[in-house]
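Asker: Residue numbers (the numbering used here), protein chains in the order written: chain Z, 1 to 332; chain F, 1 to 282.
It is worth saying that the hints were derived from the structure and are not from the lab. A few of these clues could be false.
Said to hold, decoys possible - So the derived list for chain F, only partly shown, Cβ under 8 Å to chain Z, looks like this: (1) R19; (2) V20; (3) Y31; (4) R63; (5) G76; (6) G98; (7) S215; (8) R239; (9) G241; (10) C242; (11) G245; (12) C247; (13) G249; (14) P259.
What the hints assert, rightly or not - Label pairs and their calculated CB-CB ranges: (15) A255/F / A308/Z: 56 to 66 Å; (16) A196/F / P90/Z: 53 to 63 Å; (17) P90/Z / G261/F: 14 to 24 Å; (18) Q56/F / P225/Z: 35 to 45 Å.
Think of the CB as a built atom: it goes at the ideal place given N, C-alpha and C, for glycine as much as any other residue.
Here is what each chain is made of, one letter per residue.
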Amino acid sequence: MTPSPRLDVEVGGIRLKNPVILAAGTFGYGAEYAAPAGAARLGAVVAKSITPFPRPGNPPPRVAEMPAGMLNSVGLENPGLEGFLRDELPRLARLGPPVLASIAGETVRDYLYLARGLDAAPGLAGMEVNVSCPNLARGRIPFGSQPRPLFRVVEAVRSATRLPVWVKLSPNVTSIVPLARAAKEAGADALCLINTLTGLAIDIERRRPALGAVFGGLSGPAIKPVALRMVWEVAEALDLPLVGMGGIMDARDALEFVMAGATAVAVGTATFVNPRAAVEVLDGIVRYLKAWGLESVSELVGAAHPGAADRRPRRGAREPRGLEPAEEGDGG
Amino acid sequence: MQWGEQAPGRPLWRQVLGRVLEQRQVGPNSYLLGLQQPWLAEAGRPGQFVHVRCGQGRDPLLRRPLSLFGVDPGEGRVELLYQVVGRGTALLSGLRPGMDVDLMGPLGRGFPRPPDGEGLCLVAGGLGVAPLVPAAQAWGAGRRVLALVGADTAAELLPEVQRRLVEAGAEVQLATMDGSRGTPGPVTDLLEGAIAREADAGRTGGWVVFACGPSAMLRRTAALAQSAGWPCYLCLEARMGCGVGACAGCAWPAAPDRPGGRFVRVCRDGPVFLAQEVGWWE
């Protein structure tokens, strides 16, 4: 019997017992999925994004199914900072894994307010900065789509808290690396890639957009290749822990992100499809590590990059048994 | 069919496999799926739903919410009634006896038990009849049940549904939009007639309305019931992501004067709402 491989990783100042995280917005605040999703076994949970004050969210319809994906325009429905601290965080903290709050705002002051308000919150391990919301001061262009506004938001959050700060990058940019660099220079401890891709669907029977808010964020297997490419690019360009996400449905997907350069991975939309998706990802990673005789999941981080050729299986090495087969017709 | 009462508070759901016992076409595009699933048969209540994974792959991706149509706790059997409207339900219709389906449930807040002695008036539009048949079965004994069942055409009025309503002791009245069977016009015309007859007889109350169907039909039903002073419960349908209240995807406008937010979540706060709890859109 080979010893169990090491799963623990450190991501931007937070020690995780394993690299599998429940992604923001897909887990609510923990009440709905805690037991069925096996949340206690996971590396960390990121709460649904909060804004300084409660937001009702966008008009319905808010979800539309896409080929191998989901378009949503929930619109940051959330109970606000006070409601989160009072009603949601205590329950999340009882789950066991480190809890990160996800913060979103329309002005730099919003982010500052949230970071200050959360800095001393009991049971909070860190913050994930959601920069995909419209910037009211700049014609509603999202903070995360230009380096300078992104820098200012991250710098503000950094100045207001001693907690680890992860920045979740938006993929809706021409080039991801300048954004990643701006977040790093502003003091981010880790980067999360990617948020949803902005998209549109039209209902041709009703002759209007399928979503009440017109545009929505695309998630699910459909976006995985884009997410992987961005993780890869950022891993090549700078040295900072990355959390990979975007369409992860199973351990194969998760391992692709790890090999592209992610230290940890987050499972989001897959939880809707299969509440046990995240724990199944974890179990699949363990099977892979054992099957290949690896001592630690960290050995695989960035393993697919050219510079890591020494970490690849030797030519002619046979793939070990015990892995789940690749899915037929896998759109991802 | 034996239906229990729903306990207060959030329902306890499980992710389970159901073994297909029966797949039977009951209408032009409609199917009855019988499943061996003892937990759902035991725990399911009228108006609750299950979130069904259609197929094994990644496309179509999301589950489909389907009302519980029948339960038999003794046999551990549940039934779903569905219409093939897209790729997900088309995959469901390909299931054959012996195959397994991945289900989450029972989910949501179902219908409440109507007060003893009160008449139960069911108003169904199209496949909206699916969650109403259980209400007749659960609470039909010892009370008058009037089932008003509407559809676009005669072919869409399912004999299987009418048989079950009659077995549950309901008086069934039919309406079709094209006039091919029953009263021509919307099913809400039948409700208007029923309310008028009660008024003519000098009775003003004594009925509870349970309705399910298209949004415009529900809105009209709620207005008629309100003018008659009959309490009215609506079973809403919405596109869902998670089905358990986590994603906030199935938002529906709350009634304007309702405390606690501008939207309700159909999956968790409903799918059954008192008509006064919800507002309308479009």
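Asker: Please list, smallest to largest, the hint numbers that this structure does not respect.
Answerer: Per hint list: 1, 2, 3, 5, 6, 7, 14, 18 violated.
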